[in-house]
Amino acid sequence: MIEVLYFAWLRERIGQPRERVETRAQTVAELVEELKSREERYAVAFSDLSAVRVAVDQELTDFSAPIVGAREVAFFPPMTGG
Amino acid sequence: MIEVLYFAWLRERIGQPRERVETRAQTVAELVEELKSREERYAVAFSDLSAVRVAVDQELTDFSAPIVGAREVAFFPPMTGG
Amino acid sequence: MDIRVQAEPFDFGAECANFGQGRRDVGAVVTFMGVVRDDSGALTEMEIEHYPGMTERAIAKIAQQARDRWALADVKVIHRHGRMRPGEAIMMVATAARHRKAAFEAAEYLMDYLKSRAPFWKKEYGADGAQWVAAKDEDEDALSRW
Amino acid sequence: MDIRVQAEPFDFGAECANFGQGRRDVGAVVTFMGVVRDDSGALTEMEIEHYPGMTERAIAKIAQQARDRWALADVKVIHRHGRMRPGEAIMMVATAARHRKAAFEAAEYLMDYLKSRAPFWKKEYGADGAQWVAAKDEDEDALSRW
Numbered sequence: 001m002i003e004v005l006y007f008a009w010l011r012e013r014i015g016q017p018r019e020r021v022e023t024r025a026q027t028v029a030e031l032v033e034e035l036k037s038r039e040e041r042y043a044v045a046f047s048d049l050s051a052v053r054v055a056v057d058q059e060l061t062d063f064s065a066p067i068v069g070a071r072e073v074a075f076f077p078p079m080t081g082g
Numbered sequence: 083m084i085e086v087l088y089f090a091w092l093r094e095r096i097g098q099p100r101e102r103v104e105t106r107a108q109t110v111a112e113l114v115e116e117l118k119s120r121e122e123r124y125a126v127a128f129s130d131l132s133a134v135r136v137a138v139d140q141e142l143t144d145f146s147a148p149i150v151g152a153r154e155v156a157f158f159p160p161m162t163g164g
Numbered sequence: 165m166d167i168r169v170q171a172e173p174f175d176f177g178a179e180c181a182n183f184g185q186g187r188r189d190v191g192a193v194v195t196f197m198g199v200v201r202d203d204s205g206a207l208t209e210m211e212i213e214h215y216p217g218m219t220e221r222a223i224a225k226i227a228q229q230a231r232d233r234w235a236l237a238d239v240k241v242i243h244r245h246g247r248m249r250p251g252e253a254i255m256m257v258a259t260a261a262r263h264r265k266a267a268f269e270a271a272e273y274l275m276d277y278l279k280s281r282a283p284f285w286k287k288e289y290g291a292d293g294a295q296w297v298a299a300k301d302e303d304e305d306a307l308s309r310w
Numbered sequence: 311m312d313i314r315v316q317a318e319p320f321d322f323g324a325e326c327a328n329f330g331q332g333r334r335d336v337g338a339v340v341t342f343m344g345v346v347r348d349d350s351g352a353l354t355e356m357e358i359e360h361y362p363g364m365t366e367r368a369i370a371k372i373a374q375q376a377r378d379r380w381a382l383a384d385v386k387v388i389h390r391h392g393r394m395r396p397g398e399a400i401m402m403v404a405t406a407a408r409h410r411k412a413a414f415e416a417a418e419y420l421m422d423y424l425k426s427r428a429p430f431w432k433k434e435y436g437a438d439g440a441q442w443v444a445a446k447d448e449d450e451d452a453l454s455r456w
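Chains as they are written, first to last, in our numbering: chain A, 1 to 82; chain B, 83 to 164; chain C, 165 to 310; chain D, 311 to 456.
Think of the hints as simulated: they come from the structure by calculation, not from any bench.
Treat the numbers as computed from the prediction; the structure is a model and nothing was measured.
Derived EDC-like pairs (lysine to aspartate or glutamate); straight-line CA-CA distance at most 20 Å:
hint	chain 1	residue 1	chain 2	residue 2
1	C	K286	D	D335
2	C	K287	C	D301
3	D	K433	B	E94
Please model the complete structure; the sequences and the hints are all you need to start from.
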């Protein structure tokens, strides 16, 4: 079980801020494929991955990152702080 | 008659902050030559002109600047504001 | 080092007042304040979403990097989330260093990284609805200078 | 535009407090404060001599150039003269602009020009006597970037 979080327009498109996901995915990319295959809203939200950033256990990383043993994975658009 | 001002170590070496000078010098450079020929303290203060800056009527300029009609000429070392 | 992520407004003047003071090794203090700007004339509010937990970690890491790289005597970062109106302060950074070059560079580094590497997302509310502020290529490009 | 040349101390926090506030077209405020630094550990006082009249003219010209070049919403420059002790504020600048790049650049421009083109001269008093601070080549060189 892994905690999956969504922020900004990804949260809005997926329709929830977080969920617990049962998965055997080894990497972020595999988790994304699994989610996309589950429901249309995920397929839409993840249709253009160049517009999506990911953090594993609150550290910014990329889609090839391993998630085995991770507590949380977060998806969000490019940040606009400052 | 022109008002001549000195600042920082130029003021200290010349021994006064300002003086009125009767001169026929046409340029700053001519004024400096005239002062240097007057007394040793001027010759010492103006011995290295690369270390001296000049303003005519409160505008930074260079030694070739004309001083005819000017009210004041100021000599000082490179500035250290900020 | 003082890092705060908060919904409440902060007092920029009061935050600047004592920063970097009372030390003999500080010659330069630089501060930056980001303010909600209304380019269209139709902005009613800005909302900033953030990622609690990661936000604090990301900012602490960025601030520590700046502190080490420019040997800063002190660093401060305050960043708000939630809703705010045009003219309100969004965030601030402050740096204290021996020389002005280090203080300026460190403040710009903090801003460049907070802009693109701290998990905040801005949404603008106006007469014509709400929309997420898009990240700019130039903000991402700005990181390449460091 | 607010330009002051004075012997009295100023309150950096209070000067920052309202600067650039209450406008919808300001997104970025940058401030810089220069402080008397004691590198040797033996500095007792710093004295700043200036050229009354020319100082105000030179600063006004530099500030106006910055204002025009970066379309600043506001500019502030305060510079002290006379004697001050380690830790005391010597001077400050503040810039308000739409974007952070303009606010930062304008503040650095002001500092670079105030450093080498405003008629101030610093003298340091310490245990081993007094000496004039020499201008640095790097300060003159800094002007070439503008």
